[in-house]
Amino acid sequence: MTSNERVVVIGTGLAGVRLARRLGELGTPASLIGEEEHRPYNRVLLAEVLAGRYGPEVVALPAPAELRRGRVTGIDRDGRTVTCADGTVIAYDRLVLATGSNPVLPPLRGLFTPDHVLPEGVHAFRTMDDCLGLSKAVRPGARAVVIGGGLLGVSAARALALRGAQVVLAQQSERLMERQLDPAASKLVKRHLTDLGVEVHTECRVRDVRCVGGAVRLVEMADGYALDADLVVVACGVRPRVGLAQAAGLDVRKGVVVDDELRTSDPYIHAIGDCAQHDGVVYGLAAPALEQADALAELLAGDVNTRYTGTRSLTRLTLNGHEGPFDLAAFGETEALPGDDVVQLADATRGTYRKVVVRDDRLVGGVLIGELGTVGALARAWEGAEPLPSDGGPLLHLLTNDGGS
Amino acid sequence: MQTTATPTHCPYCALQCGMNLTPAPDGTVEVSERADFPVNRGALCGKGRTAPAVLASNVRLTSPLVRSGDALVPASWDEALDRIAAGLRRTREEYGPDGVGVFGGGGLTNEKAYTLGKFARVVLGTSQIDYNGRFCMSSAAAAGIKAFGLDRGLPFPLEDVPKTGCVILVGSNLAETMPPSLRFLTELKENGGTLIVIDPRRTKTAEQADLHLAPRPGTDLALALGLLHLVIAEGRVDEEYVQERTVGWEDARAAAMAHWPEHVERITGVSVPELRETVRLFCEPESAMVLTARGPEQQSKGTDTVGAWINLCLATGRAGRPLSGYGCLTGQGNGQGGREHGQKADQLPGYRKLDDPAARRHVAEVWGVDPDSLPGPGRSAYELLDALGTDIRSLLLMASNPVVSAPRAAHVEERIRSLDFLAVCDVVLSETAALADVVLPVTQWAEETGTTTNLEGRVLLRRRAITPPDGVRTDLEVLHELAARLGVEKGFPTDPEEVFEELRRASAGGAADYSGITYGRLAEEDGVFWPCPTMETEEPTSRPFLATESADSAPGRTKAAPAEAAGGPAGSACAAGGGPGAQESAPDRPAVTTYHPATTTDPTSHPATKLGTTSRPDAAGDPTGPGRPVHPGTPRLFLDRFATPDGRARFVPVSHRATAEEPDDEYPVLLTTGRVVAQYQSGAQTRRVAELNAAAPGPFVELHPRLAARLGGARGANRWT
Chain U
1 MTSNERVVVI GTGLAGVRLA RRLGELGTPA SLIGEEEHRP YNRVLLAEVL
51 AGRYGPEVVA LPAPAELRRG RVTGIDRDGR TVTCADGTVI AYDRLVLATG
101 SNPVLPPLRG LFTPDHVLPE GVHAFRTMDD CLGLSKAVRP GARAVVIGGG
151 LLGVSAARAL ALRGAQVVLA QQSERLMERQ LDPAASKLVK RHLTDLGVEV
201 HTECRVRDVR CVGGAVRLVE MADGYALDAD LVVVACGVRP RVGLAQAAGL
251 DVRKGVVVDD ELRTSDPYIH AIGDCAQHDG VVYGLAAPAL EQADALAELL
301 AGDVNTRYTG TRSLTRLTLN GHEGPFDLAA FGETEALPGD DVVQLADATR
351 GTYRKVVVRD DRLVGGVLIG ELGTVGALAR AWEGAEPLPS DGGPLLHLLT
401 NDGGS
Chain A
1 MQTTATPTHC PYCALQCGMN LTPAPDGTVE VSERADFPVN RGALCGKGRT
51 APAVLASNVR LTSPLVRSGD ALVPASWDEA LDRIAAGLRR TREEYGPDGV
101 GVFGGGGLTN EKAYTLGKFA RVVLGTSQID YNGRFCMSSA AAAGIKAFGL
151 DRGLPFPLED VPKTGCVILV GSNLAETMPP SLRFLTELKE NGGTLIVIDP
201 RRTKTAEQAD LHLAPRPGTD LALALGLLHL VIAEGRVDEE YVQERTVGWE
251 DARAAAMAHW PEHVERITGV SVPELRETVR LFCEPESAMV LTARGPEQQS
301 KGTDTVGAWI NLCLATGRAG RPLSGYGCLT GQGNGQGGRE HGQKADQLPG
351 YRKLDDPAAR RHVAEVWGVD PDSLPGPGRS AYELLDALGT DIRSLLLMAS
401 NPVVSAPRAA HVEERIRSLD FLAVCDVVLS ETAALADVVL PVTQWAEETG
451 TTTNLEGRVL LRRRAITPPD GVRTDLEVLH ELAARLGVEK GFPTDPEEVF
501 EELRRASAGG AADYSGITYG RLAEEDGVFW PCPTMETEEP TSRPFLATES
551 ADSAPGRTKA APAEAAGGPA GSACAAGGGP GAQESAPDRP AVTTYHPATT
601 TDPTSHPATK LGTTSRPDAA GDPTGPGRPV HPGTPRLFLD RFATPDGRAR
651 FVPVSHRATA EEPDDEYPVL LTTGRVVAQY QSGAQTRRVA ELNAAAPGPF
701 VELHPRLAAR LGGARGANRW T
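Line by line, the protein sequences are chains U and A.
Residue 253 in UniProt numbering sits at position 253 of the first sequence, with consecutive numbering throughout.
Residue 230 in UniProt numbering sits at position 230 of the second sequence, with consecutive numbering throughout.
Derived by calculation from the structure, the hints in this document are not laboratory data.
It cannot be assumed that every hint is accurate.
What the hints assert, rightly or not - Quick look at which bits of chain U chain A covers, simulated, 3 or more residues with Cβ under 8 Å: (1) 42-52; (2) 60-69; (3) 276-290; (4) 316-327.
None of these values were measured; they are calculated from a predicted model.
Every residue gets a Cβ at the ideal spot worked out from N, C-alpha and C, and that includes glycine.
All chains, full assembly: derive it from the sequences and hints.
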C-alpha cells in the first residue's frame, strides 16, 4: 500500500496504540478510535495501580497523534467506512481491529441486577474503570472475594491484600494458575499468597452472589458454605471482542481469523491483539499483541515481505509483596509425558523452583520461580525452537547461570 | 635538533595520555613516563608505548606520489600540489563548487580541522565536507545536544569517576580501547562504588564489573527504558529535580510505561531481578554516572538509545549534579575537538550552526569574507561518500581511511574508485591512499605542534618533539599551498599557533568557546576545559551554563596548588590566589580568576619560552592583557543550568524498536564488532608496528562453541564473514 492510504485503527489498548505509534514513526499516520474515556494506558500495569504502586495517571502510554474517542457500531465493508455511536462516519482504506477482549462473567445466580449490570461491590478486572472502582471500594479490613485463580485472579488477590483487604480467593479447579504451572509451582504461588494473608480455596465452585439493597453481601459456594463479602472480583478469564467483526460478516471462530499478513477474510481489514486468532491461536497476552502490531506496522508502511508467524512467549509474573518481589516465568508444557526428560532444581528454604521439560531434542516447557538468572537463555531456547545441543550435557545450562556456556 | 624531553600527548585515542618524548642519538625517539598529567598519571598502553615506531621512516611515506597508469610514483612537492590544484579546479569549473568534496578525520588537530573547514568553504566554496567522526559518536552528540543543549563528551573530568557512587558503563570495553582509564574504575571500586557493565560479550571490562548485564545486541534502548520504568515503579524519581531542572517528563514517562520490566526482559534477555539490582545500585548512592561508548551509539537508533540513558540520568536527578551525570567516552584522538570547529557538514567553528545567520556573520567576519559567500550545510559522511562519482567528482581526503572504516566499505571503495580525482594526505599509504591520484606525505603528532581536545573537553597542547623526516610537510602547509594555487594567498597560515589565535576568535561566543585559551595557558595548566571565553570584566560570564564551582562540588582540581605556582621562580606571573585552581581554597568566589602579572615581566621574552617545558604564562602570553580577568575554563558543566534557552534539560520520549536488520534465514547470525588493545581504528598506523602485530595479528571472529560446532568451524580456522 502507499503511504497516503488512510489507516483507521479501532481500539486503544496496547496493540492499537503500538501500531499507531509505529506507523507514525514509519511515516504512515493512522487514525485511532477508542471508547474508553481515559488516555490510552498500559493494561498490563493495572494490578500495580490497584496495589497502589502507581498512580492511575502514571500508566498512560505515549499518545498517538490522531486519537478519537467514540464507540464504533458498525463496519460498511463495501463503502469502506465505519460508523460510530454518535453517528459519525469515518472512511478507511485499511481498517485494523484491535478491539481486545471482554472479561468472562460466569453464569452465577445474582451476578447481574435486573437491569443487567453488576451489583454494587462486584467488579470485573479488565479496564481502568474496573481498577479505579475497585481501588475506591477497597479499604483496610474490607472483605474481598476473588473468583478465579488464574493469572488475573492471583494478581488481583495479591493487589487487594497489599491494600489491606481480607482476601479470599476461590478457585474452581484443584490448583492456582493450572494452565501455566505444574503442581509444585502452583504450590509456591499459593504459599506466596498465603504469606500475604490471602485465604486460598481450591476446588471451590461459586454458586451465587447475594445482594442486599443492590450491594453485594455474601458469596455462596456450591457446598453451601458462605463467605461474607464487601467486594467481589470476577477474574474468570477473557473472551475476544468480535461483535463488530461478526456483524460485518468476517470469518470469526474463537477470535477474528487472520493470516500471516494479519489480514481478516476481508483483505482491507486486519486484526491484531486479543481479538485476533492466528494459526488457530488466540493469545490473549501482551507480547504477541505487540509483535503483531509491529509486524502490521511494517506491512502497512510498505514492507510487503513482513510476516507474522506466531509467538512463543513466556508467561511472566512479578508479584511484589512486602518481603520483596516473587518472580515467576513459565512456558509450554510444564508437566512431562512418559519418555520426556525433566531437569528440576528446588530449594524449599529460599522458595525457588526451576524445571525444564525436554522432548527428544526440543525444549517443550519450563518453570522458573524465585531464581530467574537464566530466564533470558531459556526464553531464547524456547522462542527459537532450535534443537538443544546434543553434547550429552544434563541440560543444566538452562537452569544454572554459568554452566554449559 | 632537540635533545631534551618534550612533554606531549599520545597520538591515539581520546584520552590523549600525557607522555614525554626524547629524541635518541640514533634518530629514534624514546617514550618516558609523564606522571603529572592527571588523565593517565604516567600509564600508557602498548599502542602509546610503541607509538614512535610509526615515526620511523621505513613505515611511512616521505615523498609525494602521483598516479602514472596503474602505479603511484614519487614526484616533487610542486608537481604533486599542482596536480591537486588542477584536479580540484577542473572539477569546480566543470561541475560547480559542490562537485568537489572534502573528507576529514577525528585525528586532525583542532588547527587542522578548523583550517580544513575554512579551506572547503572559502577556497573551494563547497558545501560537501564531512568527517569520519560520523561513524563514531555522532549519535551521542545529537542526543546530548537535544537533552542538554550542548555536546561535550564528558561534562566532568575523568578524575571524578572514582568519587561517584555507581557507574553504568554501556557498550564500552575500555580495558581494550583505553586501558589507562581502567584505573578510574578500579579506584571507584576501591572507594566503595559499584561498576555495572552492559555488554553482550563478557569482555575484559565486563570481568571487572560488580554486575554485568548481557543484553541481546541492539536492545540497549529497551534496557534503558526498562530501568527507567523500574525507577518510576519503585518511587525513585527525583521529583524536585524533574520539576525544577527539566521539561518533557510526562511524555518520557509514558514511553517508559510502555516498556514494563517483564517486556524488557523478553526483548533484552536480561532478567527482571538483574534490572532491579541495577536500579538499586544506581539509585541508592548520592551520586552516579552513566557512560556510553560505541556499543549503544553505533546503532540504527543510536541517538534514541543514548537519549534513553540520558532520560534515566535526568529522572534520577543525576545530570548536572556533582560527581554525577551522563557522559560519552569519545573514541578518536581528537574526536572531541574534531567535531567542534567546522569540518562537519552543518557546522562552523565553535560548534556554531552553518544555517544560523548570526553564526555565519561572525565567522565570515573573522575570515574576511562575505557571509553570503559561505555555502550552506552539505551531506553528512556516509551520504557524502555515497555520492562520490555521481555529483561529487573530486575528493580531498585527510586523516581518514574510509575504504576500511566506512559502513558498507566495499560499496564506498567502489564509489571512491569512480571519482574523477582523489587526493589523499596521510602518514602512511593506507588502503584509501593507494587508490588516490595524488598522495601527500604529511607530518604526524610528534613532528608538529597543535591542540587536541580530549574526551573530557580538555584542550591540550601536543608539541613538536622531533624534527620530521625530509620530504614531508604539515597539513597546514599543504592547505596553504593549495589555497595559494587556487587563488587565495592569505588566510591559511602554516604556524599552528597563528591558526589557533584565529580559531579563538572564530569560536568566541560559540558553544565551544576557546577564546580564553592560549598556547601559554595550555602548557601551564595541563590543558583547559572549554568553554573558556575571554573575560571582558570582572563580572562572571553571561553564558549561564558555565558552572560556578565550590569546594563541595569540585573535590578534585586538575591543577597543582596555586601557592606552588606563586612561590616558584618562574611563577612570578601568577600571584597567589590568581591561578587556576584557586577556587579550591576560595569557595565563595565566582568562577573568575585574575592574573596579576608581576611588574618585572618582560613581554619580549615570551616567544622563546612559550613552549618551554617549565615556563609559565606571563602577561604577554595572555592576550586579554595585563590585569584582565581570566576565565578558568569549565571542568564541570551544567551544575547550575543546562545550555538550553531556559536552562532546563529536555527529556526526549523514545521507544524501542528492532534493529534495522534482524537475523533471518539468509543471514542467521548476529555479529557485533569489538576492539583489541594492540590496534587502533583501521590499523593504518598500528599495523605497521611489529610488536603490536605480534600481539594482535589480524581480525578474528569469536563464536560460541556451540554455534561454531553448528557452522562447522574449528579454532583458528579462517571464515568468510
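Original post:
Among all the numbered hints in the text so far, which are the ones the structure does not match?
Top reply: Nothing - there is no hint that the structure violates, so all of them hold.
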